Amino acid sequence: MSRRPHALLSLAVVAVALTGCSASTAPASSPATSSTPSVPVTIDNCGFELTVERPAERILTIKSSTTEMLLALGLGDRIIGTAFPDGPVPDQWAVEAADIPVISDFAPAQEAVLDLEPDFIYAGWESNLKSDTAGERDALASLGIGSYVSPSACKEPGYKPEKLTFDLVFDEIREAGTVFGAEDAAEELVAEQQGALEALSPSTDGLTALWYSSGTDTPYVGAGIGAPQMMLDAAGLTNVAADVNDTWASLGWESIIDANPDVIVLVDASWNTAASKIEMLTANPVTAQLDAVAERRFITVPFAAGEAGVRNVEAVASILDQLAALDAR
Amino acid sequence: MPANQMTDTTQHRPATGRRRASPWGWGVLLSALLVASIVAAICFGAADIRPADVFASVAAHLGLGDSPLSVLRDGIVWELRLPRVLTAAAVGAGLALSGAVMQALTRNPLADPYLLGLSSGASLGAVSVLLLGLGVLLPIAAFVGALAALLATLLLAGASGVLTPTRTVLAGVAVSALAAALTSFVIFWSAQGDSFREILNWLLGSLSGSDWTTVAIAGTAVLVIGVPVLFSGRLLDAFAFGDTTAAALGVNVAATRWTLLAVTALLTGAMVSVSGSIGFIGLVLPHAVRLLTGARHRLLLPLVALTGAIVLIWADTVARTLFDPRELPVGIVTAIVGAPVFAALLARRSTR
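Chains G and C supply the protein sequences, listed in that same order. Each residue of the first sequence is one higher than the one before, counting from -19 in this note's numbering. Each residue of the second sequence is one higher than the one before, counting from 191 in this note's numbering.
Just so you know, these hints were derived from the structure itself, not from any lab. Among the hints, erroneous ones may be present.
[Stated by the list, open to error] Short derived list, chain G residues pointing at chain C, Cβ under 7 Å:
no.	residue
1	P81
2	E234
3	D238
4	N240
5	Q269
Computed from a predicted structure; not experimentally measured. Beta carbons are placed, not taken as given, at the ideal position from N, Cα and C, and that holds for glycine.
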């Protein structure tokens, strides 16, 4: 397990003592005297100043999006454990991911995390790094454990994306490449995904869509500024909840029925399957009248693909394939 | 809460604040207001439908003419708005009535319909279905949970001697705490993804799941259980002067209290099963209506039921339209409105 040099640690302690500020114990960025140009590097991550001395070796991932990011960057062998998985990883990584121990089905507690002796934690949500979960980022840093949160999940004003775009997702991939010392792999991945995205031909039929995650009484749907909106835009579909300025929102059935979407994108999760939602939509006398339900124009997307990350481009491609299949019926 | 507070009564005061209006006048006025509220509330919603079309659609379903609306918009009126408004009316009436009866039976001004562990029991039943996927319909699970909690409360209170108000309330507190802890445990253990939202909605109380089935459940409960309870006013008036006086007036105290507690709990259980636990209606409205009627339960009970129906219709209309197209759980609205009203009632009482 790697530790920060003592000199830097004591520097940090002195800095804290001098300023009386405990907000950040990460050492200040030191001049790039290292032979590798990329490290050390300092990144402002959701308002937390993260300094990477050397690429992490023993990484704990929390949430599927982070595990998949590292797998896509070819860093699967550095993952020593994962927690809070949202579902199975895509087939191409299934063999590699099978060896990664899942330490908790939810956000893990500090002791379980420390027991693994990671040198770095890569979290999908900010809430994964709190005292009642894996630990506060400052506290982890004082133990020599670095931490990084997917920037699209930052909640602080100024850090929270105003509207998620594929450019932001690609920036996120590049930044992950910097943090984990895989810049070339990140550039390659971005180029590949950019190419794949440009090769897609969005639907031009002017169709409207609902991105339906969960909730039977008050449906919880993808709104105007998050990953669902980004993917619907890329697929050429108009989100019926686009006007709601949030990533997700609880909508009333009345507005959905009034909008009468042409297709319904169903999020498929183990705890709330697409099949269960189809059953509910078909059984309810009002929703059964929706065009998309009556004509069974459903599109399924895995839950983990609904968060910003390396699976978004593939999800758009899948949406377009399913749309074509619906039209071909 | 200390025991001496529990024996405080709101009923033994002479009804000094009562207005000189005739009780029949108030009854007619509130009934008219209820009908007007139902008619008005079905015209509000996220979808932009003209009131004339709304009424024509309702008329068409009642066999008068044809609906001018498309099948979907017709569904909005007939399958979403109308059942929801009617469910709100029935639940509001049931909760307000239960609250008034509970306050009288326990001689506790802080009593509400959920006092005896009912809402916690119902929540446990509902959360078990929502999260553990038990193969039971949600309203049934909630109802069974409410009844189990009530039974536990009454057995616990009865086990230690005569069923006194204080003992019943304390037993209810114990049962509530246990059921709430178990509910939290189930949520903590098994909530995944965003499934906790559905639970939160339910715990805060929401009418968004209303359909004709919920109208049937809540409506039947109000008609079959609520209406007979309206006639218990004379008994409750006797209770207000204490158990000894009630007995002297010829009331079989223990039997009456058991029966009324059980019947009111059944009524509340039916309400909770369709709407979750909507707060403040059953706590605040009896106090507010008492300002009009004084402590006479023969007047209080019917008027508080009508008021409850009207208030919940409007609270729910706010919940579903204020942030359109988003929806709030109605329990948030009743709490935001109810807390200041309760405070105002408190201030008014202390200055007298």
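I'd like to know which numbered hints this structure contradicts. Please list them from smallest to largest.
1
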